[in-house]
Amino acid sequence: GQQVMQIPQYQHVQEGEDFTTYCNSSTTLSNIQWYKQRPGGHPVFLIQLVKSGEVKKQKRLTFQFGEAKKNSSLHITATQTTDVGTYFCLMDSNYQLIWGAGTKLIIKP
Amino acid sequence: GAVVSQHPSRVICKSGTSVKIECRSLDFQATTMFWYRQFPKQSLMLMATSNEGSKATYEQGVEKDKFLINHASLTLSTLTVTSAHPEDSSFYICSARSALGRPGTQYFGPGTRLLVL
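If you read the sequences in order, they're chains G and V.
Going by my numbering, 62 is the number at position 62 of the first sequence; the sequence numbering is gapless.
In my numbering, each residue carries its 1-based index in the second sequence increased by 109.
Here chain V stands alone, though its shape is the one from the complex:
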């Protein structure tokens, strides 16, 4: 149980295009989803927290107009990187937290590697 999928797993795009990444909780309802970014050999950097049906809360320094987050249902959140540039190339990971089970436990998706040319 507690499986989170993420799609796509890898994406290569041209500079200036937008990329949408989906995060789905497959067997539980995720009241909260988190979006992280991870640079090589570094820790996870929390970008934003989203609760179903409400606007995402962005961490300081993260541009909300650049990284659009939509948590439309209890099983799906999307992150759209708008007008991507090479510096946006990174590993993006989502996690989901259930209202049930262990309080606060996050279940992670497999991540999306984005390369912007």
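One chain only, chain G, in its complex shape:
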């Protein structure tokens, strides 16, 4: 069956440092979506990637979809306290939807 992984589980950064989370699938994806969940809140849609090698930016966030459409990353440049939360990927493979386990972004005090 399909194997999926999102890493790391947690990432502690100083404010102003960068943050990256990765999602990997053993099978080719039709698309991948990224969501952010603030502590105590519900997931909010960030972006969807569909094309091989696609790169999209939203201000300090950069989303990439691998050439083979099996992996994706979310990179945040110069993190701010408002970035705190858990970032989930949702992998869509032949109409089977699989959520990543999430990466929690923690800003060190």
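FYI, nobody ran anything at the bench for these hints, they're computed from the structure.
Hints may contain errors.
Claimed, not checked - Non-contacting residues of chain V with respect to chain G, defined by C-beta distances greater than 10 Å in every case (computed):
(1) G125
(2) V128
(3) Q138
(4) F148
(5) N160
(6) E161
(7) D174
(8) T184
(9) L185
Stated by the list, open to error - Sample of chain V residues lacking proximity to chain G, with all beta carbon distances greater than 12 Å (derived):
(10) V120
(11) C122
(12) K164
(13) V171
(14) L224
Unchecked claim - Just the calculated beta-carbon pair ranges, DEER-fashion:
(15) G:Q14 x V:T189: 26 to 34 Å
(16) G:S30 x V:E172: 24 to 32 Å
(17) G:E15 x V:S192: 42 to 50 Å
(18) G:M5 x V:K173: 28 to 36 Å
(19) V:N160 x G:Q14: 44 to 52 Å
(20) V:P117 x G:Q14: 33 to 41 Å
Here a beta-carbon is modelled for each residue, glycine too, at the ideal position from N, C-alpha and C.
The hints should help you fit chain V onto chain G, whose structure is shown.
Here is chain V on its own, set in the frame of chain G:
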């Protein structure tokens, strides 16, 4: 656009009672709605997928007689936790997917925190 509401936001009930949670898509027609459960510090766990007018598809390990789902219209799905017990206490979130717009995008409701005493 693409707003999903969920009611109630919080509920406390006694063990043995049933609790109904409503999920509504306010400005779009949701052909598919999903029900999730989330334990503290854990990822979303898909419980079931429901399509309007048909029976819900439950994930393995989810009791369909315990968690009744009704997707009666294109804007409303309900989850009823029957004979709730303390172990059912959790954060329940619904999401809705439209036939239009970005394919596959899910719009989430704000969630319902259930506490069973």
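Hint check:
1. G125: Given that every Cβ of chain G is farther than 10 Å from that of G125 (chain V), nearest at about 28 Å, it holds.
2. V128: 18 Å, holds
3. Q138: Fine: 18 Å to the nearest Cβ keeps Q138 (chain V) off the interface.
4. F148: Fine: 12 Å to the nearest Cβ keeps F148 (chain V) off the interface.
5. N160: 12 Å, holds
6. E161: 17 Å, holds
7. D174: Consistent with the label, D174 (chain V) stays out of reach of chain G, its closest Cβ about 24 Å off (over 10 Å).
8. T184: Given a closest Cβ separation of 18 Å, the condition holds.
9. L185: 18 Å, holds
10. V120: For V120 (chain V), whose nearest Cβ neighbour in chain G is about 16 Å away, the distance exceeds 12 Å, so it holds.
11. C122: 21 Å, holds
12. K164: With a cut-off of 12 Å, K164 (chain V) remains clear of chain G, as the shortest Cβ separation is near 18 Å.
13. V171: 15 Å, holds
14. L224: 15 Å, holds
15. G:Q14 x V:T189: 26 to 34 Å: 46 Å, violated
16. G:S30 x V:E172: 24 to 32 Å: 31 Å, holds
17. G:E15 x V:S192: 42 to 50 Å: 47 Å, holds
18. G:M5 x V:K173: 28 to 36 Å: 30 Å, holds
19. V:N160 x G:Q14: 44 to 52 Å: 46 Å, holds
20. V:P117 x G:Q14: 33 to 41 Å: 39 Å, holds
Violation of the numbered hints given earlier is confined to hint 15; every other hint is satisfied by the structure.
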